[in-house]
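Colleague: Residue numbers (this note's numbering), protein chains in the order written: chain F, 1 to 573; chain L, 574 to 828.
The set of hints was computed from the structure by calculation and includes no laboratory data. Computed from a predicted model, the values in this text were never measured in an experiment. One should not assume that every hint holds.
Residues from chain L that face chain F, not an exhaustive set, calculated with beta carbons under 10 Å [what the hints assert, rightly or not]: (1) Val578; (2) Ser581; (3) Ala708; (4) Thr731; (5) Arg741.
Chain F regions said to be covered by chain L (calculated; three or more residues, Cβ under 8 Å) [to be verified]: (6) 216 to 228; (7) 344 to 353; (8) 466 to 475.
Positions of the beta carbon are idealized from the N, C-alpha and C atoms, including for glycine.
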Amino acid sequence: MLEIGSLVDGKYRVLREVGHGGMSVVYLVINEKANKTWAIKEVRKNGVMDFEAVEQGLIVETELLKKLRHPNLPSIIDVIENEDSLLIVMDYIEGKPLSKVLEEYGAQPQDLVIKWAKQLCDVLAYLHTREPKIIYRDMKPANIMLRPGGHGDEKDITLIDFGAAREFKEKNLADTMCLGTIGYAAPEQFGGMGQTTERTDIYCLGKTLYHLVTGCNPSEPPYVIRPIREINPSLSSGLEKIIEKCIKDNPDERYQSCEELLYDLENYKTIDEKYARKQKFKLTAFILTVIMSAGFLAGGFAFDKTAKSNADKQYLELIDEAETETNYDDKVDLYKECTEIPNKAGDKAAYLALIDLFKENDAVFTKDEADTIIKLVKTNEEVIRSDPDGYAEICFEIGKLYWYYYSDTNELTRRTSSVKWFNDAISASDNYKQLGMAKVYSRIGTFYSEISVNTIEASDKGLYKPFFADVAELLDSVAVDPDESEIVRLELLKLSCDALVTYPTKFKTDGVTEEELMEMCDKIQLASESISPSTDQTKKLSDEIISLYVKAKEEIQTAFSTNMPADDVKGGS
Amino acid sequence: MEFIVSASTDIGLVKSTNQDSLNVRVYSTSIGKVVFAVLCDGMGGLESGEIASASVINAFCKWADFRLPQLIAAGFGDQDIKREWTDIAVDMNSKLKAHGAMRGINLGTTLTAILLTSERYYVINVGDSRTYEIADRAEVLTQDQTVVAMEVRNGIITEEQAAVDPRRSVLLQCIGASETVVPDLFFGQTVQNAVYMLCSDGFRHEITPEEIYGSFCPGNMLSAEQMKQNELYLIELNKQRSERDNISVITIRTY
Numbered sequence: 001m002l003e004i005g006s007l008v009d010g011k012y013r014v015l016r017e018v019g020h021g022g023m024s025v026v027y028l029v030i031n032e033k034a035n036k037t038w039a040i041k042e043v044r045k046n047g048v049m050d051f052e053a054v055e056q057g058l059i060v061e062t063e064l065l066k067k068l069r070h071p072n073l074p075s076i077i078d079v080i081e082n083e084d085s086l087l088i089v090m091d092y093i094e095g096k097p098l099s100k101v102l103e104e105y106g107a108q109p110q111d112l113v114i115k116w117a118k119q120l121c122d123v124l125a126y127l128h129t130r131e132p133k134i135i136y137r138d139m140k141p142a143n144i145m146l147r148p149g150g151h152g153d154e155k156d157i158t159l160i161d162f163g164a165a166r167e168f169k170e171k172n173l174a175d176t177m178c179l180g181t182i183g184y185a186a187p188e189q190f191g192g193m194g195q196t197t198e199r200t201d202i203y204c205l206g207k208t209l210y211h212l213v214t215g216c217n218p219s220e221p222p223y224v225i226r227p228i229r230e231i232n233p234s235l236s237s238g239l240e241k242i243i244e245k246c247i248k249d250n251p252d253e254r255y256q257s258c259e260e261l262l263y264d265l266e267n268y269k270t271i272d273e274k275y276a277r278k279q280k281f282k283l284t285a286f287i288l289t290v291i292m293s294a295g296f297l298a299g300g301f302a303f304d305k306t307a308k309s310n311a312d313k314q315y316l317e318l319i320d321e322a323e324t325e326t327n328y329d330d331k332v333d334l335y336k337e338c339t340e341i342p343n344k345a346g347d348k349a350a351y352l353a354l355i356d357l358f359k360e361n362d363a364v365f366t367k368d369e370a371d372t373i374i375k376l377v378k379t380n381e382e383v384i385r386s387d388p389d390g391y392a393e394i395c396f397e398i399g400k401l402y403w404y405y406y407s408d409t410n411e412l413t414r415r416t417s418s419v420k421w422f423n424d425a426i427s428a429s430d431n432y433k434q435l436g437m438a439k440v441y442s443r444i445g446t447f448y449s450e451i452s453v454n455t456i457e458a459s460d461k462g463l464y465k466p467f468f469a470d471v472a473e474l475l476d477s478v479a480v481d482p483d484e485s486e487i488v489r490l491e492l493l494k495l496s497c498d499a500l501v502t503y504p505t506k507f508k509t510d511g512v513t514e515e516e517l518m519e520m521c522d523k524i525q526l527a528s529e530s531i532s533p534s535t536d537q538t539k540k541l542s543d544e545i546i547s548l549y550v551k552a553k554e555e556i557q558t559a560f561s562t563n564m565p566a567d568d569v570k571g572g573s
Numbered sequence: 574m575e576f577i578v579s580a581s582t583d584i585g586l587v588k589s590t591n592q593d594s595l596n597v598r599v600y601s602t603s604i605g606k607v608v609f610a611v612l613c614d615g616m617g618g619l620e621s622g623e624i625a626s627a628s629v630i631n632a633f634c635k636w637a638d639f640r641l642p643q644l645i646a647a648g649f650g651d652q653d654i655k656r657e658w659t660d661i662a663v664d665m666n667s668k669l670k671a672h673g674a675m676r677g678i679n680l681g682t683t684l685t686a687i688l689l690t691s692e693r694y695y696v697i698n699v700g701d702s703r704t705y706e707i708a709d710r711a712e713v714l715t716q717d718q719t720v721v722a723m724e725v726r727n728g729i730i731t732e733e734q735a736a737v738d739p740r741r742s743v744l745l746q747c748i749g750a751s752e753t754v755v756p757d758l759f760f761g762q763t764v765q766n767a768v769y770m771l772c773s774d775g776f777r778h779e780i781t782p783e784e785i786y787g788s789f790c791p792g793n794m795l796s797a798e799q800m801k802q803n804e805l806y807l808i809e810l811n812k813q814r815s816e817r818d819n820i821s822v823i824t825i826r827t828y
């Protein structure tokens with residue numbers, strides 16, 4: 001604690017305390033010789049749980065911090081370390097943090113928020129382009145100072161507290177934390193989901209903008225982020241889209257850089273217009289339908305037919321538009337709109353196209369994408385089901401999305417999620433052409449979810465033979481199908497290899513012969529040779545398979561060369 | 574109605590301090606025996622988690638000692654309890670926040686508490702500690718105030734995804750680190766021959782509801798000694814399964 005009136009480093013007289021941070025205190029000081037005021041931020045070593053991390057972050061970058069010059073950043077002129085604290089000497093920023101402004105005045109005018117957003121983008125872009133780059137990690141209204149009387153001035157906000165950007169490393173999983181403390185932390189800041197990058201800052205900025213423009217704190221009840229125009233219909237749809245893109249759970253779906261975000265912020269009105277155009281299209285469609293249905297009521301079958309063919313035409317046009325659209329988000333929206341055309345919610349085409357898009361976009365089926373398709377299908381389930389085969393096909397394809405592409409790295413989750421959809425496909429229709437495949441997937445998925453429990457209870461005997469048959473069937477029909485995507489084929493080969501490596505003795509006990517197992521090995525080898533991987537991801541998979549089937553052969557030979565009871569050799573594996 | 578009570582807490586395998594606090598007491602009153610139990614799971618560096626949990630326990634125990642007799646004498650309803658307990662939670666939130674701000678630290682605590690009369694139970698909850706009613710099965714009376722539990726309720730993720738989600742220990746609110754605290758309150762009829770159980774999250778992550786029922790079903794909770802033994806057994810089971818957190822539990826047997 002600095003004593004008021006004391007002299008720090010022979011230069012700075014401490015005038016008064018001006019604020020508390022989570023782990024620090026800020027003082028107003030004066031350099032008496034130069035007659036200039038500064039702020040000193042004191043980070044106390046005993047007040048910080050993980051001081052080493054803070055210190056490391058600070059000391060390493062001290063020189064760098066001193067070099068930072070940006071109109072929206074306070075300049076740091078000195079960093080002094082003494083026995084029990086670290087003192088950062090910087091510009092004294094007069095004004096009020098935006099958190100206080102929100103408290104006092106509530107939601108802020110949109111134009112102002114967009115102006116601030118651009119400045120924040122600019123300063124983040126500046127930090128991100130330093131060498132080495134600085135990730136701020138803690139964007140929130142409390143860290144943005146609004147200078148008094150600064151309206152209209154480009155420098156009217158200042159990002160504070162960035163000297164401690166490193167304080168917020170990945171959170172420790174074992175520790176319970178409270179939303180109130182961690183602010184707007186992005187999913188990847190909780191660890192286990194990849195690095196924090198510039199996209200982490202974009203996420204926090206998105207939540208900050210949301211809070212500023214709606215007045216609703218996303219970390220307070222009801223904790224849900226709603227589209228901003230549901231809270232205030234007069235807000236811009238362009239801004240709504242921008243915020244939604246910033247706060248996607250998956251960093252890959254957010255803006256990839258501050259420049260990209262800045263561009264959209266500068267053009268948010270254009271995004272508005274694009275949206276308005278689509279709305280107009282929708283409205284026309286609606287009016288048309290109203291007229292048509294009125295016609296139908298008035299008199300006849302002919303009108304109904306016209307209405308129908310009109311809806312058909314509109315549907316095809318929209319599907320067409322979606323296909324040619326190149327922007328991913330717009331494409332998704334267009335397909336969604338297809339399902340909103342009256343009488344067309346039951347048509348499978350848009351759903352299947354969306355599923356294809358999710359596959360092809362980046363070969364990863366994300367949680368957001370899963371939300372989108374599930375919401376659509378669930379909302380329209382009843383009408384889709386009027387075409388049982390179509391419904392079965394949609395369910396089957398969603399099942400495959402989860403099975404082969406889902407972003408969750410936990411295989412069990414992927415399989416359990418897909419089994420539900422395969423089962424839906426099975427119960428939807430008896431005539432669906434892929435019914436057999438759906439059953440195979442469902443059984444294999446169920447096998448995996450049950451096997452861990454059953455192994456422990458030692459009641460797993462007899463489960464392996466049917467499992468082997470199912471894997472063999474998948475292998476025969478899908479792995480050799482040249483129309484199937486390479487990811488699907490390779491994933492399947494990998495699954496088969498895994499099974500052979502993991503369960504050879506179990507297969508043996510259940511009566512699968514060595515010849516049958518070896519035959520599967522050969523098939524895998526043959527199939528994998530026929531695929532020439534075209535991406536890094538599939539190349540990696542392919543390499544993995546090659547090393548796996550070599551191992552599989554060895555495991556099979558070992559399993560059959562010994563006469564010991566199977567469970568003693570590889571019990572429980 | 575009669576009550577037998579028991580409580581146990583364990584520092585666990587990893588942590589250097591036990592930041593859980595708990596208290597359970599039985600009062601003889603004009604409306605018969607009454608039990609008040611409260612359990613808090615503190616968080617924050619060094620000793621601050623203990624300060625947070627202990628001070629909330631103290632505030633509630635003070636209420637039970639001084640205010641509860643007045644309420645019993647005057648007669649009270651669900652809304653009276655809701656108002657008074659919410660006031661204490663909100664008040665403690667401001668006090669702990671001020672304490673933290675003064676020292677430049679973050680601290681906070683969960684809260685679950687129950688008041689049992691022979692007629693009715695009254696439960697308050699903030700965070701992810703829980704209160705259970707165990708009669709013919711283990712039923713959770715409280716609702717976890719966590720990010721993942723909310724997402725499960727909203728259909729955004731499944732129970733299975735929640736169990737492995739990196740955000741699983743993020744609380745929506747806690748006493749001491751939230752801008753505003755809005756506790757959940759639950760009321761119902763007290764069941765005779767049942768067990769009411771309060772626990773910190775460390776007690777329930779590694780063991781199943783079936784295991785909880787197996788040890789804590791009323792038929793296996795016939796004396797204070799037996800109850801204590803069963804509590805210790807489940808705490809050990811948690812540790813065998815590598816639970817890293819502090820582990821605390823209170824049980825109350827009605828008969």
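Colleague: Each hint should be assessed against the structure and marked as holding or not.
Modeller: Against the structure, the hints:
1. With 10 Å as the threshold, the beta carbon of Val578 of chain L stays out of range of chain F, its nearest partner Cβ sitting at about 26 Å, so the hint is violated.
2. Contact between Ser581 of chain L and chain F, as hinted, is not supported at the beta carbon level, the nearest pair being about 20 Å apart and thus beyond 10 Å.
3. Evaluation of the Ala708 of chain L hint against chain F yields a violated restraint, the C-beta minimum of about 27 Å exceeding 10 Å.
4. A least Cβ separation of about 7 Å between Thr731 of chain L and chain F falls short of the 10 Å threshold, and the interface hint therefore holds.
5. Nearest Cβ of chain F to the Cβ of Arg741 of chain L: about 8 Å, under the 10 Å cut. The hint holds.
6. Note: the region 216 to 228 of chain F has 6 residues with beta-carbon separation from chain L under 8 Å; the three-residue rule is met and the coverage holds.
7. Residues of the region 344 to 353 of chain F with a Cβ under 8 Å from some Cβ of chain L number 0, which does not satisfy the need for three, so the listed coverage is violated.
8. Under the rule that three or more residues need a Cβ within less than 8 Å of chain L, the assignment of the region 466 to 475 of chain F is violated, with 0 such residues.
Hints 1, 2, 3, 7, 8, counting from the list given before, are not met by this structure.
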